[in-house]
Each structure stands twice: as structure tokens, then as C-alpha cells.
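Novice: Sequence:
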Amino acid sequence: MKDLKEFNIPFVGLKEGSHLFEYQIDKKFFEAFQFDEFDNAQVKTTVAFVKKSTLFELSFTINGTVTVPCDVTNELFDLPITGDLNLVVKFGPEFNDEHDEILILPHEAYQINVAQYIYELIVLSVPTKRIHPSVTDGSMQSETLKKLEELRINKEKTVEEESADPRWDKLKDLLTDK
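Residues in the sequence shown are numbered from 32 upward in steps of one, following the numbering used here.
In short, the hints are calculated from the structure, not lab data. All of these numbers come straight from a predicted model, not from anything done at the bench. Where is the CB? At the ideal position from N, CA and C, for every residue including glycine. Check each hint, because a few of them may be wrong.
BS3-like mimics (lysine-lysine), calculated; alpha carbons at most 30 Å apart, straight line [unchecked claim]:
| no. | residue 1 | residue 2 |
| --- | --- | --- |
| 1 | K59 | K75 |
| 2 | K46 | K82 |
| 3 | K36 | K121 |
| 4 | K58 | K46 |
| 5 | K160 | K121 |
| 6 | K58 | K201 |
| 7 | K75 | K121 |
| 8 | K75 | K36 |
| 9 | K75 | K178 |
| 10 | K177 | K121 |
| 11 | K58 | K83 |
Simulated restraints on C-beta separations [unchecked claim]:
| no. | residue 1 | residue 2 | range |
| --- | --- | --- | --- |
| 12 | E68 | K201 | 48 to 56 Å |
| 13 | V119 | Y141 | 12 to 20 Å |
| 14 | D67 | D196 | 27 to 35 Å |
| 15 | E174 | K75 | 34 to 42 Å |
| 16 | P137 | Q73 | 31 to 39 Å |
| 17 | D70 | G44 | 34 to 42 Å |
| 18 | R161 | E125 | 33 to 41 Å |
| 19 | E174 | P137 | 55 to 63 Å |
| 20 | N94 | P164 | 36 to 44 Å |
| 21 | K178 | L35 | 38 to 46 Å |
| 22 | L107 | K178 | 16 to 24 Å |
| 23 | Q65 | F122 | 29 to 37 Å |
| 24 | L35 | P100 | 20 to 28 Å |
| 25 | F64 | T85 | 29 to 37 Å |
Could you put together the complete structure from these sequences and hints?
Specialist: Right, here's the structure in full:
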């Protein structure tokens with residue numbers, strides 16, 4: 032987490048009003064969190080920081096791509112992601128981040144590190160099922176897809192096999208012997 036000092040926002044010296052912070056997120060950012068699900072990342076992050084007399088409003092916006100493996104073929108592809116998060120920062124006797132959209136900082140705090148919020152926003156913006164666009168439109172030619180097609184179960188074939196099982200014939204006789 033030592034590498035993330037660039038994500039500190041020292042709010043003590045800022046004037047009241049709106050301030051804009053921009054960050055370019057890459058794989059090195061995720062290595063600091065020991066997160067290795069992304070092969071690469073190119074995400075532009077914008078933090079709109081509004082300082083008011085008693086609180087701060089932070090609005091995070093992300094836009095970019097992460098390189099992930101396809102869940103079907105395991106081939107890498109660039110997945111476009113977008114997302115936003117609004118956060119209200121208040122002051123209180125002690126640090127409290129139990130609520131998703133409200134952060135309470137101690138009165139003696141002089142800066143806020145936004146790296147954790149950027150990390151969570153990017154990771155949660157990636158869908159749980161990641162399918163290569165060429166798989167969905169049918170244009171991808173892959174050994175994995177060919178093998179999956181070969182192993183597909185034919186439903187008509189299984190219904191015929193079930194009805195031809197000789198072990199059940201004696202039970203069927205019980206129904207007709209009434």
C-alpha cells in the first residue's frame with residue numbers, strides 16, 4: 032500500500048468548492064492490492080471532489096478496459112468497463128466506513144486516500160460472467176469451442192436410451208396387471 036501515496040488527497044489546503052483529480056489505473060495498481068485476476072488494465076478514473084464547510088462529496092467515475100480470460104474459451108480479451116460511485120465524507124470522533132456511501136473521518140484527519148474506493152469500483156464493475164465478444168456472435172474458431180460442441184449432450188438420444196432400458200420393463204408390467 033506504500034505505492035499508493037499518489038491517491039492521497041490532502042483536503043486541509045484545498046479551498047471550498049469543486050476540485051477534479053484524474054488517475055490512470057494500470058496493472059501496477061492492482062499488484063499493490065495483490066489482485067491478479069486482470070492480465071492488464073487501462074482505466075481512466077476521475078474523482079470530482081466538492082469541499083463544503085462541514086463535509087466533502089466525492090464522485091468517482093471510471094471508464095476503460097481490463098484484460099481478462101473468457102469464461103468459455105479461456106482466451107484473453109479486453110473487456111470495456113464503466114462505473115460510478117458517490118461518497119459523502121463527514122467528520123466524527125473516530126473513523127467509520129461501515130456504510131457504503133458515507134465515510135466518517137476523525138476530526139484530526141488532514142487527507143483521504145481514495146485508492147481503496149477506486150479498486151472496489153473497478154473490481155465490482157467487471158461482470159461475473161465474462162464472455163469473449165467473438166463467442167457470442169459465433170465468429171470465434173477455437174479448439175475449446177470445438178471440443179465443447181463434440182461433448183454436447185443430445186437430448187433426443189438420451190430420451191430414447193431411457194425408454195429402452197430393460198430393467199424398467201418388469202415395473203411397467205405391474206401397472207398393467209391390475
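Novice: Does each hint hold? Answer for all of them.
Specialist: Results for each hint:
For the hint pairing K59 with K75, the CA-to-CA distance comes to about 14 Å; that is within 30 Å, so the pair holds. Restraint check for K46 and K82: satisfied, since their Cα atoms lie roughly 7 Å apart, inside the 30 Å limit. Proximity of K36 to K121 is assessed by CA-CA distance (about 22 Å); at most 30 Å being required, the pair is judged to hold. Of the pairs offered as hints, the one joining K58 and K46 is violated, with about 33 Å between alpha carbons and a cut-off of 30 Å exceeded.
Between K160 and K121, the direct Cα distance comes to roughly 36 Å. Violation of the 30 Å bound is thereby established for this hinted pair. Restraint check: the Cα-Cα separation between K58 and K201 comes to about 65 Å, which exceeds 30 Å; the hinted pair is violated. Between K75 and K121, the direct Cα distance comes to roughly 27 Å. Compliance with the 30 Å bound is thereby established for this hinted pair. Using a Cα cut-off of 30 Å, the hinted pair K75 and K36 holds, with the two alpha carbons roughly 18 Å apart.
Restraint check: the Cα-Cα separation between K75 and K178 comes to about 38 Å, which exceeds 30 Å; the hinted pair is violated. For the hint linking K177 to K121, the alpha-carbon distance of about 56 Å lies beyond 30 Å, and the restraint is violated. Note on K58 and K83: the hinted pairing is violated, with a Cα-Cα distance of about 34 Å set against a maximum of 30 Å. The hint said 48 to 56 Å for the Cβ distance between E68 and K201, and at roughly 55 Å that hint holds.
The beta-carbon spacing between V119 and Y141, approximately 18 Å, falls within the hinted interval of 12 to 20 Å. At about 49 Å, the beta-carbon gap between D67 and D196 misses the expected band of 27 to 35 Å. Hint check: E174 to K75, Cβ distance near 35 Å, so the stated range 34 to 42 Å holds. Against the hinted window of 31 to 39 Å, the Cβ-Cβ separation of P137 and Q73 comes to about 36 Å, which satisfies the hint.
A C-beta distance of roughly 39 Å is found between D70 and G44, which places it inside the suggested range of 34 to 42 Å. For the hinted restraint 33 to 41 Å between R161 and E125, the CB-CB distance of approximately 39 Å keeps it satisfied. Between E174 and P137 the CB atoms are about 57 Å apart, so this pair conforms to the stated range of 55 to 63 Å. Our hint of 36 to 44 Å for N94 and P164 is violated, since their Cβ atoms are close to 18 Å apart.
Evaluation of the 38 to 46 Å hint for K178 and L35 yields a pass: the beta carbon distance comes to about 43 Å. Between L107 and K178 the beta carbon distance is about 19 Å. The supplied range of 16 to 24 Å therefore holds. Checked against the given bound of 29 to 37 Å, the beta carbons of Q65 and F122, roughly 31 Å apart, stay inside it. At roughly 26 Å, the beta-carbon separation of L35 and P100 lies within the given 20 to 28 Å, and the hint holds.
In this structure the hint that F64 and T85 lie 29 to 37 Å apart at CB holds, the actual value being about 32 Å.
Taken one by one, the earlier hints fail for this structure at numbers 4, 5, 6, 9, 10, 11, 14 and 20, listed in ascending order.
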